[in-house]
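Protein sequence lines, in the order shown, are assigned to chains D and E. Taking my numbering, the leading residue of the first sequence gets 195, the next gets one more, and so forth. Taking my numbering, the leading residue of the second sequence gets 32, the next gets one more, and so forth.
Wrong hints could be hidden among the right ones.
Unchecked claim - Calculated from the model, a selection of chain E residues having no Cβ within reach of chain D, i.e. all distances over 10 Å:
(1) L44
(2) L141
(3) A146
(4) S160
(5) L309
To be verified - Below, computed lysine-lysine pairings styled on DSBU-like, alpha-carbon distance capped at 35 Å:
(6) D:K380 / D:K463
(7) D:K283 / D:K515
(8) D:K458 / D:K510
(9) D:K498 / D:K283
(10) D:K531 / D:K243
(11) D:K243 / D:K515
(12) D:K365 / D:K380
(13) D:K459 / D:K498
(14) D:K499 / D:K515
(15) D:K198 / E:K176
(16) D:K278 / D:K571
(17) E:K354 / E:K372
(18) D:K458 / D:K278
(19) D:K197 / E:K176
(20) E:K176 / D:K415
(21) D:K498 / D:K451
(22) E:K102 / D:K368
(23) D:K229 / D:K243
(24) D:K463 / D:K283
(25) E:K354 / D:K197
(26) D:K229 / E:K176
(27) D:K571 / D:K451
(28) D:K520 / D:K283
(29) D:K415 / E:K354
(30) D:K229 / E:K354
(31) D:K278 / D:K451
(32) D:K198 / E:K354
As the list claims (entries may be wrong) - These stretches of chain E come out as covered by chain D in the derived footprint (C-beta under 8 Å, 3 or more residues):
(33) 69-83
(34) 247-256
Quick caveat, the hints were computed from the structure, so don't treat them as lab data. Note that CB positions come from ideal geometry on N, CA and C, so glycine has one too.
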Amino acid sequence: MNKKINQTINFGPQHPAAHGVLRIVMELDGEVVVKTDPHIGLLHRATEKLAETKIYNQNIGYMDRLDYVSMMCNEHGYVLAIEKLLNVKIPIRAQYIRVMFDEITRILNHLLWLGATAIDIGAMTVFLYCFREREELFDCYEAASGARMHANYYRAGGVVRDLPNEMPKYKYNKWQSKKMIDSLNKNRQGSLLDFIWDFTERFPQKVDEYETLLTDNRIWKIRNVNIGVIEPDRAIALGFTGPMLRGSGVAWDLRRKQPYAIYKKLNFKIPVGTNGDCYDRYLVRVEEMRQSNIIIRQCVEWLKKNSGPVMVDNSKIVPPKKDKLKSNMEALIHHFKLFSEGYTLPVGEVYAAVEAPKGEFGIYLVSDGSNKPYRLKIRAPGFAHLAGFDEMVRGHMLADAVSILASQDIVLGEIDR
Amino acid sequence: MYDILSNFFTGDLLHVVWIGFLSGCIIIPLLLSVAYLSYAERKVIGYIQGRIGPNRVGIYGLLQPFADLFKLVGKEIINPTRSNTFLFIVAPVLTLAPAIIAWAVIPFDLGMALADINAGVLFIFAMSSFGVYGVLIAGWASNSKYALLGAMRSAAQTISYEIAMGFSLVGVLMASGSMNLQKIVLAQDGCLINWFVWPLMPLFLVFWIAGIAETNRAPFDVAEGESEIVAGFHVEYSGTAFAVFFLAEYANMILIGVLTSIFFLGGWLSPFKGLPILEDLFIFVPGTIWLFVKTGLFLFVYLWIRATFPRYRYDQIMRLGWKVLIPTTLVWIIVLGFMIKFEISPWFRV
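Starting from the given sequences, assemble the full structure and let the hints guide the process.
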């Protein structure tokens, strides 16, 4: 009789469940995974190196493209690092806007995660339900920043412009009936804040809708409960953050543990799991969507009541108002300097981190006093998670590898950088 | 029609031509309904998911199946390196052929069957078991690891679900006392109370679940397992060869729908037969239409299930088959034996 040899298969880079361009060389004994070896780097774009050749503000756009489903959170991490080194205090309204968009981003990310995970496990309807809600949040992005995904909205010193007082509306056309357009425009009559408020009113019911399809579904449960269990101490040792860590029962959330922006003033809960399996991570993320919704409502309430500047009044880092350029000599000089060579940071190094939807997104910035970063190191949460993949998946079946990978919420944009 | 043909052919030849003609009468509508089942699937699932589904080709997208067909036929059949070409081409044929042959014994109305044979149930069972060979050979001949995994899963799944299906049919045979499909339907004569679905409810559910598993449809589509093993056994197939697999899958779906209607929902019988007013109201509906309505109901449930449920894991399917479905059938066969012995009305009167 022949000696039994394990089979090695190539999971990806073009695999429906690879979440982008991940390649995993997987050793299988029948269908049981013996060993996995994730090969990353297929989406390597040299962001860190590229950042060293660009002035500070030009790098914000690259941050959007790292984890391309939690855009504004990445921007927040980067501008936070710059602000920390510059030691500027940004206006309170800008902080509220940032937190509001961070939480919108969190919902965006978790919705994509939920849809993608469901489709990986075979429930394809949830995916389209999630995308239905994502559309409206992208409209918020678009109204504020002009772009639906890669917003480029945060700046060192605040946000680039205040929230619009009017939501863009659908125009009447010959393909859609007047009634349909009117119903589409129904919640767009007021400002962006009214639109977001209307969304937060409806969103909890939508989450209930996803949960009726999944949470108590027997098939969903047997596919997720006790799959990919990670103990709390191992999760900490592997550098897990975000829902991956909280799913194991460790209540670690930077929004609470190292508060930035105005999270200290906000009222929200940190959901934690108990078993550290895929199902707990699912529950944690679903609850986080509900909590984010609560945070957004608090921000909208504050923003509706209070107005004020959204950028610091410091012409060394923020361009002056356009109307001043014609009459004011200093304004013209500042404008020219900022748009030709940008601003410089004092010599030093800084680490700033935000609680991105996937975990701790950190920026380690070294400045040599010039107008470009000397070194920009990105701490992407997904990288540590993927490194723990082998440990989580050993002994499980091939189909479980898919659900574990999905529960890690992998985005190769930030891992390969 | 027979008279017209008899002008041109005589003797045995006439017989062969006549059978060919009748087969055509089954196969062509069958392939058309396969085409429109795929259209219905996309539309139904589309609306479930808050989309519209195909609506560009023809009015309401009604020509979409043909657009798909022409696209697939126009594509190259790529033969993977170091695969067994003969088996590679034969496999889809081996899948489609049994799915169509099984239709020979289906009675569409009283006396409306191509072959009214006494062992009809056995014939259908044999044919539906045959289908797995196509899948197995496809997986083996593709020389691809994903295809092999899919074939392995499919083989294991079919074997275990065939048993559950067989046992649930034992109940039908006991209740009707015949293997002839027409006689099974006639044994359910009467209004919808008389149908076997009531005394055989657990067997009906087992048969239906096993039927979904037999056709490799969600949530039992582990052989395809789109997100795990990409497309399973037909990952290497393209063009016409893929289209043939596709046809076979949908023809099998319709077959299971029709069989469930025949075994448990009284086939072509009207649900209102023997009821005072309703019978007269629906007397104009021919039996064939009733059969199609019942089949359509099951096909809709197929699509509904696909849109709703996540996929089982391969070993979990085995567990469901062996530990839940087969014991259920065994228990119910005994219960059914007593029901027949004590002549429970209205189903088992002598």
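Here is how each hint holds up against the structure:
1. L44: 52 Å, holds
2. L141: Answer for L141 of chain E: holds, closest chain D Cβ roughly 41 Å.
3. A146: 38 Å, holds
4. S160: Holds: least Cβ distance 24 Å, greater than 10 Å.
5. L309: The assertion about L309 of chain E holds, with a minimum of 36 Å to chain D.
6. D:K380 / D:K463: Holds. K380 of chain D to K463 of chain D sits at ~32 Å (cutoff 35 Å).
7. D:K283 / D:K515: Satisfied, since the Cα-Cα distance of roughly 20 Å is no more than 35 Å.
8. D:K458 / D:K510: Given pair K458 of chain D, K510 of chain D holds - Cα atoms ~29 Å apart, limit 35 Å.
9. D:K498 / D:K283: 22 Å, holds
10. D:K531 / D:K243: Between K531 of chain D and K243 of chain D the Cα gap is close to 24 Å, so the pair holds against 35 Å.
11. D:K243 / D:K515: 32 Å, holds
12. D:K365 / D:K380: 13 Å, holds
13. D:K459 / D:K498: It holds: about 16 Å lies between the C-alpha atoms, which stays within 35 Å.
14. D:K499 / D:K515: 25 Å, holds
15. D:K198 / E:K176: At roughly 16 Å apart (the allowed maximum being 35 Å), K176 of chain E and K198 of chain D satisfy the hint.
16. D:K278 / D:K571: Roughly 16 Å separates the two Cα atoms, so the pair holds.
17. E:K354 / E:K372: Holds: K354 of chain E and K372 of chain E sit about 28 Å apart, inside 35 Å.
18. D:K458 / D:K278: 18 Å, holds
19. D:K197 / E:K176: 19 Å, holds
20. E:K176 / D:K415: 29 Å, holds
21. D:K498 / D:K451: 28 Å, holds
22. E:K102 / D:K368: Since the Cα atoms of K102 of chain E and K368 of chain D sit roughly 31 Å apart, the hinted pair holds (cutoff 35 Å).
23. D:K229 / D:K243: At roughly 33 Å apart (the allowed maximum being 35 Å), K243 of chain D and K229 of chain D satisfy the hint.
24. D:K463 / D:K283: 27 Å, holds
25. E:K354 / D:K197: It holds: about 33 Å lies between the C-alpha atoms, which stays within 35 Å.
26. D:K229 / E:K176: Judged against 35 Å, a Cα distance of about 17 Å means the pair holds.
27. D:K571 / D:K451: The hint holds at about 22 Å.
28. D:K520 / D:K283: 29 Å, holds
29. D:K415 / E:K354: 18 Å, holds
30. D:K229 / E:K354: 31 Å, holds
31. D:K278 / D:K451: 18 Å, holds
32. D:K198 / E:K354: Answer holds: K198 of chain D to K354 of chain E is near 30 Å, not above 35 Å.
33. 69-83: holds (count 5)
34. 247-256: That given contact holds, which follows from 5 residues of the segment 247-256 of chain E lying within Cβ reach (below 8 Å) of chain D.
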